[in-house]
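K.L.:
Sequence:
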Amino acid sequence: MWLHGELLALVLLQVAFLIIFTGAILFSTRGQKTARMISVAVLAAITHGAQSQCLGILSNPHWRAIATPLCWIQFLSASQLTLSASTFELNFRQPFPGHWSRACLVLPMLWNLRRVGTPLLAKNTPPSPKQSRLRFISERLLTTTLAYLTLDLIVSSPAPSVAMVGHPKQTLWNFHALSREDFVFRMIATATFWISVALLLLIINNCAAILGVICGCYSPGDCPPLFGSFVDVKSIRQFWGAAWHQCLRVTLTTHANILVDLVFRITGETALSKYTRLWCAFMISALIHHSSDIAMGIDQTEAGSALFFSLQALGIMLEDGFQAFVYRFPLKRKGQRWNKARLFGRLWVISFLVWSTPTWSYPQQRLGVDAAMLLPVRITPILVHAIARLFPAISA
1 MWLHGELLAL VLLQVAFLII FTGAILFSTR GQKTARMISV AVLAAITHGA QSQCLGILSN
61 PHWRAIATPL CWIQFLSASQ LTLSASTFEL NFRQPFPGHW SRACLVLPML WNLRRVGTPL
121 LAKNTPPSPK QSRLRFISER LLTTTLAYLT LDLIVSSPAP SVAMVGHPKQ TLWNFHALSR
181 EDFVFRMIAT ATFWISVALL LLIINNCAAI LGVICGCYSP GDCPPLFGSF VDVKSIRQFW
241 GAAWHQCLRV TLTTHANILV DLVFRITGET ALSKYTRLWC AFMISALIHH SSDIAMGIDQ
301 TEAGSALFFS LQALGIMLED GFQAFVYRFP LKRKGQRWNK ARLFGRLWVI SFLVWSTPTW
361 SYPQQRLGVD AAMLLPVRIT PILVHAIARL FPAISA
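1 is the number of the first residue of the sequence shown in full-length UniProt numbering; add one for each residue after it.
Keep in mind that the hints are not guaranteed to be accurate.
Stated by the list, open to error - Cβ pair distances, simulated, as ranges:
| no. | residue 1 | residue 2 | range |
| --- | --- | --- | --- |
| 1 | C217 | P129 | 15 to 21 Å |
| 2 | G297 | I387 | 32 to 38 Å |
| 3 | P126 | A191 | 19 to 25 Å |
As the list claims (entries may be wrong) - DSSO-like cross-link-like pairs, simulated, lysine-lysine; straight-line CA separation at most 27 Å:
| no. | residue 1 | residue 2 |
| --- | --- | --- |
| 4 | K274 | K234 |
| 5 | K274 | K33 |
| 6 | K33 | K130 |
| 7 | K234 | K340 |
| 8 | K123 | K274 |
Derived from the structure by calculation, the hints contain no laboratory data. C-beta: ideal position from N, C-alpha, C; glycine also.
Take these sequences, add in the hints, and give me the full structure.
P.N.:
The following block contains the structure:
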């Protein structure tokens with residue numbers, strides 16, 4: 001029944017979203033602020049409706065947790081393009097044979113989250129290697145397949161006991177109550193969480209990129225690698241600002257700037273302005289991820305996204321303060337190099353993530369949702385069954 005009801009409503013809402021977004025870009029100017037603000041408000045209402053339809057259609061908690069933030073990421077992208085004074089917007093107004101030709105330029109920008117090929121390119125976006133379409137598709141297919149198999153193997157592992165991820169176990173301060181096993185599990189769980197999230201994002205991004213290149217909406221150059229290098233990460237700022245994906249960077253910073261400039265009225269190159277923008281960006285990200293937690297079934301009081309992303313902003317501020325102290329009072333003699341700085345930085349990042357991640361990941365694990373439900377097709381059980389049939393002695 002929902003196939004003809006809720007699904008149809010979702011499709012109609014998405015069509016309405018695209019029409020209003022395209023119309024706001026093509027048929028209003030940046031000077032018509034009221035018209036554009038109204039457009040953004042309507043898009044927000046449509047997004048809320050689309051989220052409700054997604055929750056009604058999807059019963060899989062993992063898929064609900066993916067679909068809900070995607071709705072709001074699309075809204076933030078449309079809002080950013082509609083409200084920001086984009087110099088490249090003039091390209092949408094060049095004379096073309098018809099409105100459809102101009103709309104074909106606007107629509108791909110909605111999910112070009114890193115704004116590749118525009119003056120708004122997200123900082124630290126990895127460069128795109130020069131590739132033919134065939135090579136791009138084949139390499140991305142191979143990478144996606146390997147990522148899928150690895151993620152399938154991870155979700156096939158036994159779930160931790162509820163006692164291991166209980167609320168006391170995610171403590172930020174009461175470490176004397178944790179056993180050695182708790183610390184070891186905390187490190188393993190943190191590593192597994194981030195690897196799983198990275199693999200999932202890589203699969204989603206690659207599938208979208210492959211489909212976009214096949215359809216001709218994007219060229220291989222429009223689809224740079226999702227992640228930067230994790231090898232040289234020595235700070236939380238580098239982790240979030242260079243190594244991790246930058247797909248939300250433009251939308252988060254733009255809306256943070258709007259809040260700080262127009263709502264809080266904090267201007268100038270002051271520390272207050274700088275860190276207020278930082279906190280606003282992380283809080284908007286927290287709201288996106290909070291919607292994912294709630295859609296998954298986590299209780300409002302248990303969801304840890306807000307706390308986790310607040311800690312990330314706090315960590316960056318602590319880093320900046322420490323670096324300022326080091327520059328003012330050098331911890332080394334003149335002529336000597338601090339050879340252990342890189343190692344210290346890496347240990348700091350790892351320790352900080354192990355300390356803060358359970359506030360976000362443990363509530364998800366306490367739900368008891370089967371991790372294997374994340375993937376629509378399971379490969380590992382098939383391989384295990386095949387191996388068992390080929391080598392019955394091993395399975396016995």
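K.L.:
Now tell me, hint by hint, if it's right for this structure.
P.N.:
Evaluated hints:
no. : hint                      : result
1   : C217 <-> P129: 15 to 21 Å : 19 Å, holds
2   : G297 <-> I387: 32 to 38 Å : 35 Å, holds
3   : P126 <-> A191: 19 to 25 Å : 23 Å, holds
4   : K274 <-> K234             : 21 Å, holds
5   : K274 <-> K33              : 26 Å, holds
6   : K33 <-> K130              : 40 Å, violated
7   : K234 <-> K340             : 11 Å, holds
8   : K123 <-> K274             : 17 Å, holds
Violated hint: 6 only; the structure is consistent with all others.
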